[in-house]
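Visitor: One-letter residues, chain by chain:
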Amino acid sequence: MTIQFNDESFRGEYTFRNSDRAIKRFPFPFHEDSYMYSVNMERHQGGPEGSIYEKRFDVDEHYVSEMKDRALVLADDPLRCQSLPHMTLAGWDLLELIMVSKSEDYPDLFELHRDGNNWHWINKPMGIEQKFVFMDETTLPYGPLEYITRQTQGDFAVLDQRDDNLWMDAGMITTQADWSLDFDIGMNFFEWHAPVPKANEMGIFIRALKFLLNVQQGMPARRLNWTMTVNPLLDTSPENYHKWGIQKTTMTPETVGQKQHLRVELQTFFRLPRSNALVFPIRCYLIALQDLVTVPKWGRRLHRVIRDLPVELATYKGFIDNRPLIVDYLSQFDDGAPTSDGIWPD
Amino acid sequence: MSAGTNKIAVTVTDVSVVNALVKRFRFERSDGGLLPTFSGGAHTVVEMQDGDTHRLNPYSLMSDPMDQTAYTISVRRDDTGRGGSLFMHNSVKPGDQMTISYPVNLFPLDLRARKHLMIAGGIGITPFLAQIKQLSVMGERFELHYSCRNPALGSYVDELTEQHPNTTHIYYDDQNQSIDLEQLLGGQPLGTHIYVCGPKGMIDWVRGRAADLGWPREAVHYEEFLAPRSGKPFEVKLAMSNKVIQVGEHQSLLEAIEAAGVDAPYLCRGGACGQCETDVIGYDGKFLHYDHWLEDDQKTSGKKIMPCVSRFEGKTLVLDR
Chain L
136 MTIQFNDESF RGEYTFRNSD RAIKRFPFPF HEDSYMYSVN MERHQGGPEG SIYEKRFDVD
196 EHYVSEMKDR ALVLADDPLR CQSLPHMTLA GWDLLELIMV SKSEDYPDLF ELHRDGNNWH
256 WINKPMGIEQ KFVFMDETTL PYGPLEYITR QTQGDFAVLD QRDDNLWMDA GMITTQADWS
316 LDFDIGMNFF EWHAPVPKAN EMGIFIRALK FLLNVQQGMP ARRLNWTMTV NPLLDTSPEN
376 YHKWGIQKTT MTPETVGQKQ HLRVELQTFF RLPRSNALVF PIRCYLIALQ DLVTVPKWGR
436 RLHRVIRDLP VELATYKGFI DNRPLIVDYL SQFDDGAPTS DGIWPD
Chain R
12 MSAGTNKIAV TVTDVSVVNA LVKRFRFERS DGGLLPTFSG GAHTVVEMQD GDTHRLNPYS
72 LMSDPMDQTA YTISVRRDDT GRGGSLFMHN SVKPGDQMTI SYPVNLFPLD LRARKHLMIA
132 GGIGITPFLA QIKQLSVMGE RFELHYSCRN PALGSYVDEL TEQHPNTTHI YYDDQNQSID
192 LEQLLGGQPL GTHIYVCGPK GMIDWVRGRA ADLGWPREAV HYEEFLAPRS GKPFEVKLAM
252 SNKVIQVGEH QSLLEAIEAA GVDAPYLCRG GACGQCETDV IGYDGKFLHY DHWLEDDQKT
312 SGKKIMPCVS RFEGKTLVLD R
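One line per chain: the protein sequences are L and R, in this order. For the record, in the first sequence the residue sitting at position 173 is 308 according to our numbering, with numbers rising by one throughout. For the record, in the second sequence the residue sitting at position 192 is 203 according to our numbering, with numbers rising by one throughout.
The set of hints was computed from the structure by calculation and includes no laboratory data. Every residue, glycine too, gets a C-beta built ideally from N, C-alpha and C. Possibly wrong hints are sitting among the right ones.
One-sided and incomplete, this derived list gives chain R residues near chain L with beta-carbon spacing under 8 Å [to be verified]:
| hint | residue |
| --- | --- |
| 1 | T16 |
| 2 | P76 |
| 3 | P119 |
| 4 | E229 |
Let the sequences and hints guide you as you build the complete structure.
Guide: Written out as structure tokens, the structure is:
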């Protein structure tokens, strides 16, 4: 296999690590030295070779371990995956999209053989082989949404489109930045975004919704979002806040570089063909600050962004209390030199 | 940006006469590959090179959404229209190479419905043909009420009554048969959604009666494609691209913008989807708003126009495009 998969944990001992290759391809989200919300959408049709944008569903060295972590979360809390009854067709759409994409993009890792509705799926990294009948739920061990997203990195919000709005009617959410599918299920676009500060007054949501309602088949879109996470935790859910929230108080000047992680989400949007639903994969990438600053431009820029971020945003993103610690640490990597435009290393 | 859709190169593999007014066209991918699946109610925009005129007309996909080998559409000939349907009827032959858009669905099924009640008039039957195929596979409950002029012009009546004898109801105008809407809407089980596609009068009638009877707005779905109307030629200044263009008598404003090489967004090209909404910077004259996207106050404000169907009469019109 072309990718060497890590054996690592996102809890307990936190053995998660990024290889040099993973650091180089990390999706650094700041194209300039400051940050404010924007819709910042672009087409999701490929990207530089080896980058996380290249494939429709990026598979990286963390794949197998992330899937083990997801299985642990689901064992504790099955409501992390839900699908309202009218969303089953969208689940099949998503299963098809992922199986076709992965088998085409990573033929050495995944195979899909189709004979009419008789499908044969092979997932080599996870050691899974499954023969099933497409559109017949009784032939899979889980519903189609749960089946395929137990084998695909990233969270998946599956949105029904009706009445000129989007509705959070299905999803697999185990690696989230502090929001809950069980709380949001059935909500519309404005309802589930209600906690986000400032963006509403800025008219961001109306523009974003208009864009998303018009994402068409064959024209997927993408954007990046980000936050900060102490320790490489995938599951930073409200359900488990009592477990991970307290870890935010454990950092010291000596440990901040190792414990504080920048958490970046690659958010993509695909129109699903049979159901006309919209799937919103949210793929989480984590990087320790001590690894991030090995790219000098990123170290300089992150220092400036975090230092100058409006208080409301630092509060919403959950790191206002740790901001002085983070800024102090990052300041040693900012010599004041100018940075170049764009997200890529110099 | 234009369309927001990808395009597909196709070959016309069959043209068949459905009746005196309607022809059916079958498209297969020119590269031999499979077409995307789609959802019932979707349309495709067919590009036509008609002499010097480049036409883009939307047509509902009527084939089985799960069938990836071919798409079919049905085109009703409009002898007094702007020429797109005449081009399809008179010039398109098997073997022709054409370009169509990826499917776009502005008339989707609400999959929460316990029952789908479909009301069709004339060529408005086409999106329902795909939806019925989709619902049949899924084992969902539906009922079709289809009104046409007479048996000779009843497109796909035989196929529908043969395949769905218990759920298809046909009404012929020439035989003074008409849908008893009051009775029909009154007898529906809770959770029913209404879908109507046909002439404007029929859509207004169904929506109006449903509203009077207390149906929720969200349970009444409709699709009406307006063909752009012809009208007096007019001149427009495109401020962003710094061009002055002429809109011909049989040309839409959107088509004139495209012909000038300016990229403009669109989806339905029929005044319904809102995608081509354009800001007006200045004008001296009168707008002829034909869309059903803008609200009445927006139409009178003189600040917005939908260039796919609406026109202008007067001295100057300056658009933010």
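Visitor: Does each hint hold? Answer for all of them.
Guide: To see whether the hints hold, each was checked on the structure:
Because the smallest distance between the Cβ of T16 (chain R) and any Cβ of chain L comes to about 5 Å, under 8 Å, the interface hint for this residue holds. Interface hint at P76 (chain R): satisfied, since its Cβ lies 6 Å from the closest Cβ of chain L, which is below the 8 Å cut-off. Contact between P119 (chain R) and chain L, as hinted, is supported at the beta carbon level, the nearest pair being about 4 Å apart and thus within 8 Å. At its closest, the beta carbon of E229 (chain R) sits 5 Å from a beta carbon of chain L; the interface hint therefore holds under the 8 Å criterion.
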